[in-house]
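2 protein chains.
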Amino acid sequence: MERPALLIIDMQNDFVCEGSPYRVAGASAVIPKIQEVLAEFRKRKLPVFHILRIHRQDGSDVEIIRQEKFKKLPFAVAGTNGAAVIDELAPRSGEFILTKTRMSAFIGTELDLMLRTLGVTTVFVTGIQTPNCIRTTVFDAIAYNYPAVLVDDAVGAATEEIHQANLRDMENIGVRVVTSTDVPGFLS
Amino acid sequence: MERPALLIIDMQNDFVCEGSPYRVAGASAVIPKIQEVLAEFRKRKLPVFHILRIHRQDGSDVEIIRQEKFKKLPFAVAGTNGAAVIDELAPRSGEFILTKTRMSAFIGTELDLMLRTLGVTTVFVTGIQTPNCIRTTVFDAIAYNYPAVLVDDAVGAATEEIHQANLRDMENIGVRVVTSTDVPGFLS
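Sequence lines, in order, name chains A and B.
With the working numbering applied, the first sequence covers 413 to 600.
With the working numbering applied, the second sequence covers 413 to 600.
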C-alpha cells in the first residue's frame, strides 16, 4: 500500500508576497489549493514537510552563480520575516520543517532519510516554482524511487506557459499529475 | 582561471541509432557538433567524460517507474552493443567513462569527486536528451557549484520545441548557453 507524504516547497514571504522583488507571479493563486491539500493530509495525520530555502546572512551558502544577485538584494535570510512560511500555510506542531540552500529538496537535506524512516513510498509535491525547485525535487524523487505526484493547481511558476511546458516534460517521464480536488481520492 | 571538462551524455547506440525503439529523434543531428567540441577538448588535452546509462540485465537497478517498460523491452544493458558509445564518439585512452543508472550524471556516480580531483571548475554539457539527462545534470552541476555551459547545438531532444522550452528555463537560472562554434573561444 502506498504511504504518501506532502511536500510544500518554498512558500515563504520573500517568494510569495506582493511587493517582494523575488515574488513568483504564480505563487498567490496556489495558496488556497495548497491549503486544501494540506487540510486533507492533516485530517488523515499523514506526514507534511514544509521545505524552505534558508540562507546565511553573508550569502556564503548561496549557489555560486547566484551570489552576486544575493549580495545586491538578499533573499530568504535566516531569521527574517521574508524567510518565514506565509501565514496561510503556517506549520503546525508535528509537521516537519526542512531547510535547504539549493533547488532540490533532496540536496543537502535529511528529506530522503526522513521519508525512509517514516516508511513513505510516494510524495505529493506542491509549492513554487515549477521549473526550478519543484521540477528538481520531482526528478530527484523519481531517481530515489518515490513515484512523485505533482498537484498541478497547487504548483506555480512565473508564467502559465512555463508551468505547462514543464508539466509536459514531467508527464513524459511518468510523473503522475493530478489536481487538488483529486487528492482525497488518492489518499483514501 | 576556469578549468573546463566536457561531459558527453548517453550517446549510446540504443538511444541514437536508426531503428532503435528508444532512439531520441534529435540525437543524430548533434553527432557532428559533439565531434567538433570533442576535437577541441582533445586538442587541448582537457578532461573528457563519456557518461553512459548502463543497466543490469535483470533491470533491478532501473528507476521503479520505468521497470515495467524495461521488462517489456530492455535498454542500455551492460555488455550489449546497444549500451556501447556510438562509433562516431568512441572514447580514447585517457578519457573517463562513467556509468549511471539515473538521469543526472551526479547521482550515484563518482563525477563530482573526479571533477574536484581534477580541479575542474566548469562543465560543458553535450548529448541527449535535453529535458531529462541533460537538464538534471545541468541543474545538479549548478547545485554543486560548477557553472555549467550548455552547448545548444550539441544537445538534442525528441522535438525542437521541447529543446527550446528547456533551454529557456536553463537560461533563466543563469546557465550559459553557447553553440559548438563558440567553444574554442571559451577554451582559449
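Treat the hints with caution; some may be incorrect.
Sample of chain A residues at the chain B side, in silico, Cβ under 8 Å [said to hold, decoys possible]:
id : residue
1  : I509
2  : L510
3  : R514
4  : N557
5  : T571
6  : I574
7  : A577
8  : D581
9  : I585
10 : G586
Far from chain B by the CB rule (all over 10 Å, computed), these chain A residues [said to hold, decoys possible]:
id : residue
11 : F453
12 : K455
13 : E475
14 : D499
15 : N544
16 : D552
17 : A555
18 : P559
19 : N578
20 : V589
21 : T591
22 : T593
Because the hints were derived from the structure by calculation, they are not lab data.
Backbone N, C-alpha and C fix where the C-beta goes; we use that ideal spot for every residue, glycine too.
Comparing the hints with the structure gives:
Of the supplied interface hints, the one on A/I509 is violated, with its beta-carbon coming no nearer than about 21 Å to a beta-carbon of chain B, more than 8 Å. Because the beta carbon of A/L510 sits about 16 Å from the nearest beta carbon in chain B, more than 8 Å, this interface hint is broken. Among the interface hints, the one on A/R514 holds; its C-beta lies about 4 Å from the nearest C-beta in chain B, closer than the 8 Å criterion. Restraint check, A/N557 versus chain B: the minimum CB separation of about 5 Å is within 8 Å; hint holds.
Given the 8 Å rule on beta carbons, the hint for A/T571 is violated: about 10 Å separates it from the nearest Cβ of chain B. A least Cβ separation of about 7 Å between A/I574 and chain B falls short of the 8 Å threshold, and the interface hint therefore holds. A least Cβ separation of about 4 Å between A/A577 and chain B falls short of the 8 Å threshold, and the interface hint therefore holds. Look at A/D581: its Cβ gets to within about 4 Å of chain B, closer than 8 Å, so that hint holds up.
Contact between A/I585 and chain B, as hinted, is supported at the beta carbon level, the nearest pair being about 6 Å apart and thus within 8 Å. Interface hint at A/G586: satisfied, since its Cβ lies 4 Å from the closest Cβ of chain B, which is below the 8 Å cut-off. With a minimum CB-CB distance of about 22 Å to chain B, A/F453 clears the 10 Å threshold, and the non-interface call stands. Every beta carbon of chain B lies more than 10 Å from that of A/K455, the smallest distance being close to 28 Å; the non-interface claim holds.
Under the 10 Å C-beta cut-off, the non-interface status given to A/E475 relative to chain B is violated; the minimum distance is some 6 Å. With a closest Cβ-Cβ approach of about 28 Å to chain B, A/D499 is found to remain outside the 10 Å limit, as its non-interface label requires. Here A/N544 does not stay apart from chain B, with its beta-carbon only about 6 Å from theirs, under the 10 Å limit. For A/D552, the condition that its CB be more than 10 Å from all CB atoms of chain B is violated, with the nearest at approximately 8 Å.
For A/A555, the condition that its CB be more than 10 Å from all CB atoms of chain B is violated, with the nearest at approximately 4 Å. Not every C-beta of chain B lies more than 10 Å from that of A/P559, the closest at about 5 Å, which undercuts listing it as non-interface. Consistency note on A/N578: stated as away from chain B, yet its beta-carbon is not over 10 Å from all of that chain's, at 7 Å minimum. Against chain B, the non-interface label of A/V589 holds: every CB pair exceeds 10 Å, the least being about 13 Å.
With a cut of 10 Å on Cβ distances, A/T591 stays outside the contact zone with chain B, its closest approach being about 20 Å. At roughly 24 Å, the least C-beta separation between A/T593 and chain B is larger than 10 Å, which holds for a residue marked as non-interface.
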